[in-house]
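Colleague: Listed here are the chains, written in short residue letters.
There are 2 protein chains.
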Amino acid sequence: MINALGRNLPDYIEGYGKVKPFAGAFENYKEVVKSSVKLKSVKPGDDKVLSSIKEALLKCEIKDGYTISFHHHLRNGDFVLNMVVDEIAKLGLKDIKVAASSIFPCHAPLVEHIKNGVVTGIYANYMSGPVAEAVSKGILKYPAIMHTHGGRARAIESGDLHIDIAFIASPACDTYGNINGVEGKSACGSLGYAIPDAMYADRVVAITDNLVPYPACPIEISQEYVDYIVEVEAIGDPKGIVSGTTRITKDPVGLKIAKLAAQLIEESGLLKDGFSFQTGAGGTSLAVAAFVKEMMKKNNIKGSFAAGGITGYIVEMFEEGLFRSLFDVQCFDLKAVESYKNNKAHQGMSSSMYGNPHNRGAVVNNLDVMILGATEIDTDFNVNVTTGSNGVIMGGSGGHSDTAAGSKLAIVVTQLTKARLPIIVDRVTTVTTPGETIDAVVTERGIAINPKRLDLLEKLKESKLPIFTIEELKQMAEKMTGVPEKIEFEDKIVAIVEYRDGTVIDVVRQVR
Amino acid sequence: MINALGRNLPDYIEGYGKVKPFAGAFENYKEVVKSSVKLKSVKPGDDKVLSSIKEALLKCEIKDGYTISFHHHLRNGDFVLNMVVDEIAKLGLKDIKVAASSIFPCHAPLVEHIKNGVVTGIYANYMSGPVAEAVSKGILKYPAIMHTHGGRARAIESGDLHIDIAFIASPACDTYGNINGVEGKSACGSLGYAIPDAMYADRVVAITDNLVPYPACPIEISQEYVDYIVEVEAIGDPKGIVSGTTRITKDPVGLKIAKLAAQLIEESGLLKDGFSFQTGAGGTSLAVAAFVKEMMKKNNIKGSFAAGGITGYIVEMFEEGLFRSLFDVQCFDLKAVESYKNNKAHQGMSSSMYGNPHNRGAVVNNLDVMILGATEIDTDFNVNVTTGSNGVIMGGSGGHSDTAAGSKLAIVVTQLTKARLPIIVDRVTTVTTPGETIDAVVTERGIAINPKRLDLLEKLKESKLPIFTIEELKQMAEKMTGVPEKIEFEDKIVAIVEYRDGTVIDVVRQVR
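These protein sequences, in sequence, are chains A and B.
Okay, so the first sequence: first residue is 1 according to the UniProt record's numbering, each after it adds one.
Okay, so the second sequence: first residue is 1 according to the UniProt record's numbering, each after it adds one.
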């Protein structure tokens, strides 16, 4: 079958089930039913602290075929996923599905467990490094299922992704299971991605290297949701958990793109009191923030909120009074962790509150401007952030599709070419985010506005900004690089890209 | 049939259903399933702010027979319940069930709506004033269902109490439904009792007199859970919402009881570092806190937490460093509201986290000592706080049964006689809290220890405290008052007293 973006999909995929084709970004807002939760109630006097991960696995009565989940707040410093899967392998279990909100290079040991049949399925919103490469080569038994951040929350809450046991890496946890991410040697800040797991899994195990006396303070994940607690030596490597600082690009091309994007924001009319804003942690994105900051200060604009993964740069804007509040699903650096810990208007949000399309309104719905990246973008404005120019998985939506759909102005900032390849193409290798949710593409050579945004084109009629059609931008790029050859794939589907509403927007096939 | 406390119950009650008899306080901790939640997902651009309560009722498609819910944080100052039920009556609807976490004298207008058939059912954890009296006289079509605070959360989460529309009185609410209780002219502090309603109702309407720009801060109830927002002139009368200060008794009898209770706590061995404590807002209870405070200071004891409805007196202990944290489900006075707003270790908790027996461990499970009241207590240590000496409903469990079950030492403090009636009797008029969860009764004439607490009796063997059997205390009382005549009731069941696990511990019959 063919979905609304013309992507060819099978009706049924082994290990996944019946395919619901993507039908449009706003087609699926409806009456929804959340999954019922099963749990074992805890009696006064029951002790939750266990002596080892093995004991926790046995208490949770783990079986072949179970789905186990992890959050990625420890990012490339995470030890917990590997520790747990190693113990599962030692118990001789098979056919385990790993639902990690993201997978990083540090999770390379998972490749061996995939080869040995211990792990046969993966769910992730983002994958990079050896596991992603191995998946692209087709070694995983079933296709990996790739969600958006909000889509993962939706899948968990709807029961589409049923978690048997959630393992919560916990920078601080008390003896009754109250967890926060702001205390201890592995402090990572907000635990937003772990919250749906804790609320909907059958069993929830906190893994901590900082067992504190009852009660922990603050409490991000409550004792109501936690069955067992295991203390370990270390849950992660602080060097990999958060970077020291995130920095603005110094590259002149990046700065040029950022300046154009900021001018576009200004001309859009959105930059006024109550302005809300999100940007990633990349150098060019942060440079957009820097230009926006100058404009806000010059015009004395008081924004309402900034959201998303929060960086020190956004914290500075907040501290200077440019935003009244921050919504934080994940802290990208130490400055963000400190602010999240100390400032009550720096508020946490779960991934569901952040981007789930099937609750009563996510934070993304209130975003004015979102700054996004792309590895490819096509002339329909569809964006690929899932696969690289060689067709190998090297990322995934994360919050990309969620914020694009929610925000009033979703801007992709990108160089026109990278590594002598054009970024704008006729048809992206993989669709991560549908073009109807992307409003503009800003490159160093010019800006393209989605022709569906007649209102924005009207506003920009008198603009001195270098506005082109997306086809013109594509031609500029191709003049520099030539038209690249098409990548060839095997037939085997190695990953399924789910849109935030649970429909299939694309599949990734095995690389040759 | 007869339940575990020898109470005579029908198998089936019209308007309630099949009766599950109470079988023991700790019999029902098991694998449980929470109800699935239905909701209408909110699209980017949808507006949640409506112009009137009537518009909200129509948008929620209210029908005859619907169950609507309210929280009681505005206590005897609440305007919201009356406003909503008046609008429902104007729409000509019938057979509405009102699930209010508590009902106060200010809700007197409900009596007319009951008489007219607009309201035919009531759920409440506590009832006092004209509505309670009218229910006792049998005017409500179906028996009122009386929960504990934790039991109400359990009932909502399990689906036993399905809420069609929850109305959340909101001291502050932003335009997308983020709510807190600490800002605005109707500030009441923690909104703990409203949280299960918001999380499990089909439709959730915030009623506010303080509509603030997005986003509110702090957020106690998130936008994820709120469908609609209605702004009104006033949600309550500040004079009725919180008292200026809660005061320690000056009555010498009350002080004597409090001193004995504090000595009992000291001799129990629980008063050591990590000590946790809860007491109500009554004068004698607060006097116990005052004596405990002196002991803690004298012996340099650092407690872990105090919990429950929080008073200024408990805040003072916290501010003096006697507790590391407070768990607050409801603020009793302005000082508690201020502290809850400003101190991050003064943490909120939902009624589920507070006392629900069917989650993975409530806060009550970690209580060392609980100070409780009683209108009657029998020689099996069963306590009545539901009906008065005339058999009329004048209260209800609230957190009584939850904290008694959870705490290591549950102490009832009471005068031996009140209004020339003995408090200790052979058989309480109504059982609210089962005797197996009550450890001691402290009166001005002496202390009775529950004979099941062999460990405690052993500890007190050398004590100089005036320890008697409960029968001896009863005889002392009866010597002063004589044996009171039995109250006579009609056959009609006017209220069902549910224990926290959903079993029926007793029924209340119509007064003559």
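One thing to keep in mind: the hints can contain errors.
Same chains, same names: a pair is fine if it fits in one copy or spans any two.
Dumping the calculated DSBU-like pairs for lysine-lysine here, alpha-carbon to alpha-carbon at most 35 Å [what the hints assert, rightly or not]:
1) K239 - K115
2) K54 - K250
3) K408 - K341
4) K256 - K63
5) K479 - K452
6) K30 - K59
7) K298 - K459
8) K272 - K59
9) K43 - K408
10) K408 - K250
11) K459 - K43
12) K40 - K272
13) K94 - K30
14) K40 - K298
15) K43 - K461
16) K90 - K30
17) K90 - K250
18) K452 - K63
19) K30 - K43
20) K141 - K90
21) K54 - K259
22) K20 - K464
23) K18 - K43
24) K185 - K341
25) K297 - K18
To be clear, the hints were calculated from the coordinates, so they are not data collected in a lab.
Colleague: Look at each hint and say if it fits the structure.
Modeller: We went through each hint and held it up to the structure:
1. In the homo-oligomer, the alpha carbons of K239 and K115 lie at most 35 Å apart inside one protomer (29 Å), although the nearest pairing across protomers, at 69 Å, exceeds that limit.
2. Taking identical chains as interchangeable, the C-alpha atoms of K54 and K250 are never at most 35 Å apart, the minima being 48 Å within one chain and 57 Å between chains.
3. For a Cα distance limit of 35 Å, the shortest separation of K408 from K341 qualifies both inside one copy, at 30 Å, and across copies, at 33 Å.
4. Taking CA atoms no more than 35 Å apart as the test, K256 paired with K63 passes in neither setting, with 55 Å inside one copy and 59 Å between copies.
5. Proximity of K479 and K452 under a CA criterion of 35 Å is satisfied intra-copy only: 27 Å inside one chain copy versus 89 Å between copies.
6. For the identical chains of this complex, K30 and K59 are inter-copy neighbours only, at 15 Å across copies versus 39 Å inside a copy, given an alpha-carbon limit of 35 Å.
7. Taking the closest pair of Cα atoms, K298 and K459 come within 35 Å of each other only inside a single copy of the chain (22 Å); across copies the shortest separation is 73 Å, beyond that limit.
8. In this assembly of identical chains, K272 and K59 lie within 35 Å of each other by CA distance solely across copies; the values are 32 Å between and 55 Å within a copy.
9. Proximity of K43 to K408 under the C-alpha cut-off of 35 Å is restricted to the inter-copy arrangement: shortest distance 12 Å between copies versus 49 Å within a copy.
10. For the homomeric pair K408 and K250, the shortest alpha-carbon distance inside one copy (29 Å) is at most 35 Å, but the shortest distance between copies (62 Å) is not.
11. Within a single copy, K459 and K43 get their C-alpha atoms only as close as 63 Å, which misses the 35 Å cut-off; across copies the closest is 25 Å, which meets it.
12. In the homo-oligomer, the alpha carbons of K40 and K272 lie at most 35 Å apart only across protomers (31 Å), although the nearest pairing inside one protomer, at 50 Å, exceeds that limit.
13. Taking the shortest alpha-carbon separations for K94 and K30, only the inter-copy value of 29 Å comes in at or below 35 Å, while the best intra-copy value is 38 Å.
14. Neither within a single protomer nor between protomers do K40 and K298 lie at most 35 Å apart by alpha-carbon distance, with minima of 57 Å and 42 Å respectively.
15. Taking the closest pair of Cα atoms, K43 and K461 come within 35 Å of each other only across two copies (29 Å); inside a single copy the shortest separation is 67 Å, beyond that limit.
16. When the C-alpha separation of K90 and K30 is checked against a cutoff of 35 Å, the pair qualifies only between copies, where the shortest distance is 30 Å, while the shortest distance within a copy is 45 Å.
17. Taking the shortest alpha-carbon separations for K90 and K250, neither the intra-copy value of 48 Å nor the inter-copy value of 66 Å comes in at or below 35 Å.
18. Taking the shortest alpha-carbon separations for K452 and K63, neither the intra-copy value of 51 Å nor the inter-copy value of 41 Å comes in at or below 35 Å.
19. Taking the shortest Cα distances, K30 and K43 sit within 35 Å of each other only across copies (9 Å), while inside one copy they are farther apart (39 Å).
20. For a Cα distance limit of 35 Å, the shortest separation of K141 from K90 inside one copy, 20 Å, qualifies, whereas the shortest one across copies, 62 Å, does not.
21. For a Cα distance limit of 35 Å, the shortest separation of K54 from K259 qualifies neither inside one copy, at 53 Å, nor across copies, at 49 Å.
22. In the homo-oligomer, the alpha carbons of K20 and K464 never lie at most 35 Å apart, since the shortest distance is 44 Å inside one protomer and 75 Å across protomers.
23. Taking identical chains as interchangeable, the C-alpha atoms of K18 and K43 lie at most 35 Å apart only when they sit on different chains, with a minimum of 26 Å there against 41 Å within one chain.
24. For the identical chains of this complex, K185 and K341 are neighbours both inside a copy (14 Å) and across copies (29 Å), given an alpha-carbon limit of 35 Å.
25. When the C-alpha separation of K297 and K18 is checked against a cutoff of 35 Å, the pair qualifies neither within a copy, at 52 Å, nor between copies, at 66 Å.
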